[in-house]
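Chemist: Residues per chain, in single letters:
2 protein chains.
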Amino acid sequence: MSFTLTILGSSSAVPTSSRYPAAHVLNVHERYFLIDCGEGTQMQLRKNGIRFGKINHIFITHLHGDHIFGLFGMISTLSLLGRTTDLHIYANAKLKQIIELVSPYFYEHPLPFNIVFHPSGSKRQQTIYEDEMVIVRTIPLKHRIPTTGFIFLEKEVQLNIRKDAVDYFNIPVKDIHSIKSGKDFVTPEGETIPNHRLTLPPWKPRSLAYCSDTAYSEKILKYVENVDILYHEATYGDDMEKRAHETLHTTAREAGRIARLANAEKLIIGHFSARYKSILPLLKEAREEFPETFSAEEGEIHTIERKRSKRDQ
Amino acid sequence: MSFTLTILGSSSAVPTSSRYPAAHVLNVHERYFLIDCGEGTQMQLRKNGIRFGKINHIFITHLHGDHIFGLFGMISTLSLLGRTTDLHIYANAKLKQIIELVSPYFYEHPLPFNIVFHPSGSKRQQTIYEDEMVIVRTIPLKHRIPTTGFIFLEKEVQLNIRKDAVDYFNIPVKDIHSIKSGKDFVTPEGETIPNHRLTLPPWKPRSLAYCSDTAYSEKILKYVENVDILYHEATYGDDMEKRAHETLHTTAREAGRIARLANAEKLIIGHFSARYKSILPLLKEAREEFPETFSAEEGEIHTIERKRSKRDQ
Chain L
559 MSFTLTILGS
569 SSAVPTSSRY
579 PAAHVLNVHE
589 RYFLIDCGEG
599 TQMQLRKNGI
609 RFGKINHIFI
619 THLHGDHIFG
629 LFGMISTLSL
639 LGRTTDLHIY
649 ANAKLKQIIE
659 LVSPYFYEHP
669 LPFNIVFHPS
679 GSKRQQTIYE
689 DEMVIVRTIP
699 LKHRIPTTGF
709 IFLEKEVQLN
719 IRKDAVDYFN
729 IPVKDIHSIK
739 SGKDFVTPEG
749 ETIPNHRLTL
759 PPWKPRSLAY
769 CSDTAYSEKI
779 LKYVENVDIL
789 YHEATYGDDM
799 EKRAHETLHT
809 TAREAGRIAR
819 LANAEKLIIG
829 HFSARYKSIL
839 PLLKEAREEF
849 PETFSAEEGE
859 IHTIERKRSK
869 RDQ
Chain P
559 MSFTLTILGS
569 SSAVPTSSRY
579 PAAHVLNVHE
589 RYFLIDCGEG
599 TQMQLRKNGI
609 RFGKINHIFI
619 THLHGDHIFG
629 LFGMISTLSL
639 LGRTTDLHIY
649 ANAKLKQIIE
659 LVSPYFYEHP
669 LPFNIVFHPS
679 GSKRQQTIYE
689 DEMVIVRTIP
699 LKHRIPTTGF
709 IFLEKEVQLN
719 IRKDAVDYFN
729 IPVKDIHSIK
739 SGKDFVTPEG
749 ETIPNHRLTL
759 PPWKPRSLAY
769 CSDTAYSEKI
779 LKYVENVDIL
789 YHEATYGDDM
799 EKRAHETLHT
809 TAREAGRIAR
819 LANAEKLIIG
829 HFSARYKSIL
839 PLLKEAREEF
849 PETFSAEEGE
859 IHTIERKRSK
869 RDQ
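Line by line, the protein sequences give chains L and P.
When the count follows this note's numbering, it moves up by one through the first sequence with no breaks and lands on 871 for the last residue.
When the count follows this note's numbering, it moves up by one through the second sequence with no breaks and lands on 871 for the last residue.
The hints are simulated quantities; they were obtained by calculation from the structure and are not laboratory data.
Here the structure is a predicted model, which is why all the values come from computation and not from measurement.
Watch out, some of these pointers could steer you wrong.
Copies of one chain are not kept apart here, so a pair can be met inside one copy or by any two copies together.
Simulated crosslink set (DSBU-like; lysine-lysine; CA at most 30 angstroms straight-line) [to be verified]:
(1) Lys713 - Lys738
(2) Lys835 - Lys605
(3) Lys780 - Lys800
(4) Lys824 - Lys700
(5) Lys762 - Lys732
(6) Lys835 - Lys612
(7) Lys605 - Lys721
(8) Lys842 - Lys780
Looking at chain L on its own, in the form it has when it is part of the complex (with noise of 0.2 angstroms):
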């Protein structure tokens, strides 16, 4: 039951000798999600062990080249690799015509697999994905074109029946499923046993919300509040505020300040602007607003661990 992102780029537009342009991997209950895909993202997974065949679904932020250079050499890979399931991607409505502008000159015709595209509006919030076990949707940003975060979204799995309580009241096997769900036990002599008191408290469903790139907004903040895991960007630090916001990008002060009032778990910065040979003092700049803040670096895994929701009994 993994929510696990892994980072494969944390620079901005020019990468550094050690930083990659945006891509990362969020795995949730083995679906491997692929957020932003810049150049190099093909590397960055063969070198992180994730294998291209997990990779279904990539969802792309923006058209600016940082988030998606990586797209053709992917595609390539994942051609000559003979794959043969659907890539689906969400993303602007326009990459599709700049995958379809170039596929004559990079690909055979036709691709031994099909590349499904899921246009993503950036002005209001749409579920884009969704499955069994997880929800995603956007979150409309505020960038120099059109640019949409993601909320992914654990959805509540069903109840762990305890053991004991299954003995205790000789449940029979058709009545498990209800249980699980929810419900309530009636026992043969017609006694209600409250649902709490057959099952375990339940999980808490967990989230992650991806937030780049985007100038500074509280608009934001009604789709990533409590989120568990917030990951902004924060492309300058307040040496270069005004750069930042000419530029409509953040400053880690101000990715720390959206974290503090979403009331969100932990934040993890990034997009950092090559300028910076250390990350330090954006670090600290974040810190002052929002104490539990990370740098993102590649290769790092930030795990969302299950926790069960306190029950009023």
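Model the placement of chain P on the given structure of chain L, informed by the hints.
Modeler: Positioned in the frame of chain L, the structure of chain P alone reads:
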């Protein structure tokens, strides 16, 4: 007076965790020639401490993605860094179309620098670049799409005059230039002093040929005869000879044979298939044909030292 090749990428189409797609920098007298520009080239330049501003000439062998997917990010980064100097790209004419197709999506218009395209034909040899120190010619190769290798030839430089001879014969400044260009010296008394008594033996012009991607073809021998370094692709080993021939690639043994028949000084094999965890078997096979074989390894620098020619006196 450098003549050094830095390997940035040694993989074929599918990169591995340690091998990147094709890219190399040749430094000839502080001119930096980028040869192929696979995905990740800009990160590899950073890692190897080569400043982007030094790259003014990019030579692209052919338009398979693993040789050009790094160009989009390079152009973007050069633009963000405020480059104004012309960037020269030597490649199949279609590359211009591709860059022009994607530019409206990826780049500010206009770019702050000009891209000057120099189309390379793949049918016969052409001189594609020349300045006072270096000449670059294409090498027609045999691949699935139009492909050219490149040979970089140092020009003969002026002779070094012997200081002791200047003193001994009391040579006036006005005659220095003509002696350096190979002329004899006539003393005021009418005695002719032959040039070889006045100058050191000339430097041997150095050369590097880059042949990738290509099927084994002895037709290239005439273009690469006596070259100092032959870089030749060796995508496969003996075990995959059939596949090599089907896909118009070369085996390591065949690359060794080309080096031997061409009387090269040294062979570098590269463009390795991702199937080879170790390159040692390929190296062994190539060395059975040509002992002075080395495998391309990211970050390694191959230097051709200046040597003086032997002179009959």
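Chemist: If a hint holds in the structure, say so; if it doesn't, say that too.
Modeler: Do the hints match the structure? See the list:
| no. | hint | verdict |
| --- | --- | --- |
| 1 | Lys713 - Lys738 | within (15 angstroms within a copy, 82 angstroms between copies) |
| 2 | Lys835 - Lys605 | both (23 angstroms within a copy, 14 angstroms between copies) |
| 3 | Lys780 - Lys800 | within (26 angstroms within a copy, 60 angstroms between copies) |
| 4 | Lys824 - Lys700 | within (22 angstroms within a copy, 56 angstroms between copies) |
| 5 | Lys762 - Lys732 | within (26 angstroms within a copy, 90 angstroms between copies) |
| 6 | Lys835 - Lys612 | between (34 angstroms within a copy, 22 angstroms between copies) |
| 7 | Lys605 - Lys721 | neither (43 angstroms within a copy, 57 angstroms between copies) |
| 8 | Lys842 - Lys780 | within (26 angstroms within a copy, 63 angstroms between copies) |
Going through the hint list in order, the structure does not satisfy hint 7, though it satisfies all others.
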